[in-house]
Amino acid sequence: MRDKLQAIVRNLGLYAILSPTFLLLAVFCFVPFVWAFTTSLYDYEIGGDRVFVGLANYGEYLGDPTFWSSFRNLFLLTLVSVATGVVFPLGIAKLIFSLSGEHARYLYRVVFLVPIVVPGVATLMIWGGMVYGDNGLVNELLRLVGLGDWARGWLAGPDTALWAVAMIGFPFASGINILIFYAGLAGIPESVHEAAWLDGASGVGKFFLIDLPLVLSQIKLLVILTIIGVVQGFQGMFILTRGGPGFRTMVPGLWMYFNAFSFQRMGYACAIGVVLFLLILVLTVLNLKYFKSSEDLQAAL
Amino acid sequence: MTRKRRDLVLHAALIAIAFLTMVPLLFVLNNSLRTNNEMYHAFFGLPGSLVSIAKFTWYELTGQPDRIRLRADEQERGETRAADLPVQTLSYRQAMARLGDDLSRGYRYSWKVLRPYMVNTIFVCVVTAVGVVLIGSVAGYVFARHRFPGHRMLFVAILSLMMIPGVLTLVPSFLLVKQLGLLNSYGVLILPYIAGGQIFAIFLFKSFFDGLPEELFESARLDGAGHFALYWHIVLPLSKQVVAVVGVMTILGTWNNFLWPFITNADARYHVVASGLYLMGQSQVAANFSTMFAAYVLSSIPLLVLFIYATKPFMRGVTSGAFKA
Chain H
2 MRDKLQAIVR NLGLYAILSP TFLLLAVFCF VPFVWAFTTS LYDYEIGGDR VFVGLANYGE
62 YLGDPTFWSS FRNLFLLTLV SVATGVVFPL GIAKLIFSLS GEHARYLYRV VFLVPIVVPG
122 VATLMIWGGM VYGDNGLVNE LLRLVGLGDW ARGWLAGPDT ALWAVAMIGF PFASGINILI
182 FYAGLAGIPE SVHEAAWLDG ASGVGKFFLI DLPLVLSQIK LLVILTIIGV VQGFQGMFIL
242 TRGGPGFRTM VPGLWMYFNA FSFQRMGYAC AIGVVLFLLI LVLTVLNLKY FKSSEDLQAA
302 L
Chain U
34 MTRKRRDLVL HAALIAIAFL TMVPLLFVLN NSLRTNNEMY HAFFGLPGSL VSIAKFTWYE
94 LTGQPDRIRL RADEQERGET RAADLPVQTL SYRQAMARLG DDLSRGYRYS WKVLRPYMVN
154 TIFVCVVTAV GVVLIGSVAG YVFARHRFPG HRMLFVAILS LMMIPGVLTL VPSFLLVKQL
214 GLLNSYGVLI LPYIAGGQIF AIFLFKSFFD GLPEELFESA RLDGAGHFAL YWHIVLPLSK
274 QVVAVVGVMT ILGTWNNFLW PFITNADARY HVVASGLYLM GQSQVAANFS TMFAAYVLSS
334 IPLLVLFIYA TKPFMRGVTS GAFKA
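As given, the protein sequences belong to chains H and U, one line each in that order. Using our numbering, read the first sequence as starting at 2 and increasing by one per residue. Using our numbering, read the second sequence as starting at 34 and increasing by one per residue.
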């Protein structure tokens with residue numbers, strides 16, 4: 002005990018150096034984390050009284066008119082995002098990796114990164130106005146080829162809004178995902194390629210039998226990152242559709258936002274936040290536990 | 034297939050995909066130079082004033098100055114319809130001035146609105162990045178090169194905070210900064226970013242410092258270097274790469290953050306580019322399409338400049354060990 006105390010005193014300087022880190026973390030990360038749970042137990046408007054209501058906010062959320070439709074939308078958007086966020090970048094990374102020139106391979110990796118310089122909000126507004134607008138790219142292209150009857154307000158139609166949101170970013174050539182997959186492909190040892198060649202594997206077959214299993218840890222990473230991103234992400238819907246028409250593009254995060262900042266229901270909003278947190282937690286744990294990584298596969302071979 | 038043929042096919046596929054990716058951006062660039070009228074008239078088309086500039090320059094060079102003709106200035110037209118305005122023969126110089134005016138109108142208007150937002154964002158980004166690098170590198174160094182009571186526990190505590198999703202803390206964070214009286218200030222834009230951003234930075238710096246040989250620090254300490262001298266003369270110069278990665282990632286994240294600045298700053302003085310663009314889109318300014326398109330272009334330039342200088346650290350950041358599951 003005495004030794005420990007002495008050690009602490011001896012290292013006081015180090016603790017002092019670390020104090021800004023822990024002060025900032027305690028105030029801006031830990032306090033909001035705790036408040037999220039405590040506030041969710043209250044009925045609370047800014048400026049009004051806090052009334053303790055126990056788990057009533059959670060109970061109310063289960064019966065919320067947006068509950069089923071928003072989670073259905075979230076599920077659909079997640080499926081599409083996971084598929085597009087893995088398939089397209091992996092395919093593009095494979096195309097780039099198959100080039101024979103080192104210089105060209107570098108160049109393409111840089112080219113696909115360039116769109117990240119456009120602010121996310123600008124990208125969304127560009128899609129909302131210039132691509133999906135009444136006089137936007139999609140409608141004008143349809144008119145150009147004589148299919149003017151099909152032109153419509155893609156984000157405003159109850160049947161098209163959710164799909165229009167899901168298709169934002171086509172052809173989904175996310176530069177970051179491409180880089181991650183490229184690093185994975187480049188990390189496959191040469192001996193594996195040689196063994197595959199000796200066994201007569203080539204082309205598409207080799208891609209599915211060799212490359213795919215060996216970039217599984219990258220796939221796993223991007224799947225979980227994409228899911229976490231979609232569950233948390235409601236910026237696109239906020240800017241483009243505000244959850245409409247009706248609740249057709251409503252997602253739980255956006256409903257949380259509206260409850261907090263439009264309806265002033267802070268307690269209820271925090272309860273929705275906690276539900277989303279638990280969802281992310283469960284998905285992360287499931288992913289870590291049941292989705293085998295390439296290291297496990299290699300160990301098993 | 035021969036190697037050459039195969040490469041050709043790959044290039045064709047990749048160029049097609051890259052083109053599709055860039056199509057919206059190319060249209061933004063093109064339409065930022067066109068008037069509303071031109072766009073209503075024909076969605077697909079080059080900027081009229083740009084075409085005229087090329088045409089008139091040709092006339093001037095080939096000695097046909099009498100063909101440099103433009104409709105009278107729209108601003109003086111009063112009640113007359115644009116199509117009924119008289120066509121005038123202008124000198125090359127006058128015509129260029131008019132056309133240049135038309136061409137840059139969107140950019141001039143949007144720059145007026147956007148400039149204060151740009152200044153704010155650059156200020157916030159730089160302060161945040163410096164803060165994250167400073168605090169992150171110091172803490173990373175302490176955790177990598179020193180052992181003290183609670184060493185492991187504190188580091189695990191920091192890492193576990195990384196698992197807290199933003200969607201959980203958005204509303205309570207707002208309640209917190211409101212209680213702290215930070216709403217409508219630069220503080221609300223900077224302090225939470227440094228607090229959150231340092232976690233990943235500490236992680237990256239620690240793993241980098243872990244890999245450095247102890248002898249380096251030993252000999253410096255023998256020479257009588259204190260904590261500060263050690264940090265300033267050895268730690269920082271050695272970790273230039275990590276500094277670049279952390280700096281670039283922090284700036285990128287800060288520049289793109291929309292919701293937090295949007296909800297914490299009602300005062301126009303503290304708007305940043307992301308929230309400012311959204312508010313521009315909701316305002317009268319957006320009635321002029323080219324103003325919005327020009328704003329998208331202008332708001333991308335700072336990061337484009339950063340990207341040109343920092344492609345390598347950026348790519349290293351994405352593919353570094355931190356991004357493996």
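Treat each hint with caution, since some may be false.
[To be verified] Just the calculated beta-carbon pair ranges, DEER-fashion:
id, chain 1, residue 1, chain 2, residue 2, range
1, U, P119, H, A84, 56 to 64 Å
2, U, R36, H, G245, 50 to 58 Å
3, U, L53, H, Y59, 28 to 36 Å
Bear in mind the hints are in silico, worked out from the structure with no lab data behind them. Think of the CB as a built atom: it goes at the ideal place given N, C-alpha and C, for glycine as much as any other residue.
Holds or violated: the 50 to 58 Å window for the beta-carbon distance between R36 of chain U and G245 of chain H?
About 53 Å separates the Cβ atoms of R36 of chain U and G245 of chain H, which means 50 to 58 Å holds.
May I ask you to test the hint 56 to 64 Å on the CB atoms belonging to P119 of chain U and A84 of chain H?
With Cβ atoms ~59 Å apart, the hint holds.
Using the Cβ atoms, figure out if L53 of chain U sits within 28 to 36 Å of Y59 of chain H.
For L53 of chain U and Y59 of chain H the Cβ distance comes to about 44 Å; the hint is violated.
Of the numbered hints given earlier, the model fails hint 3 alone.
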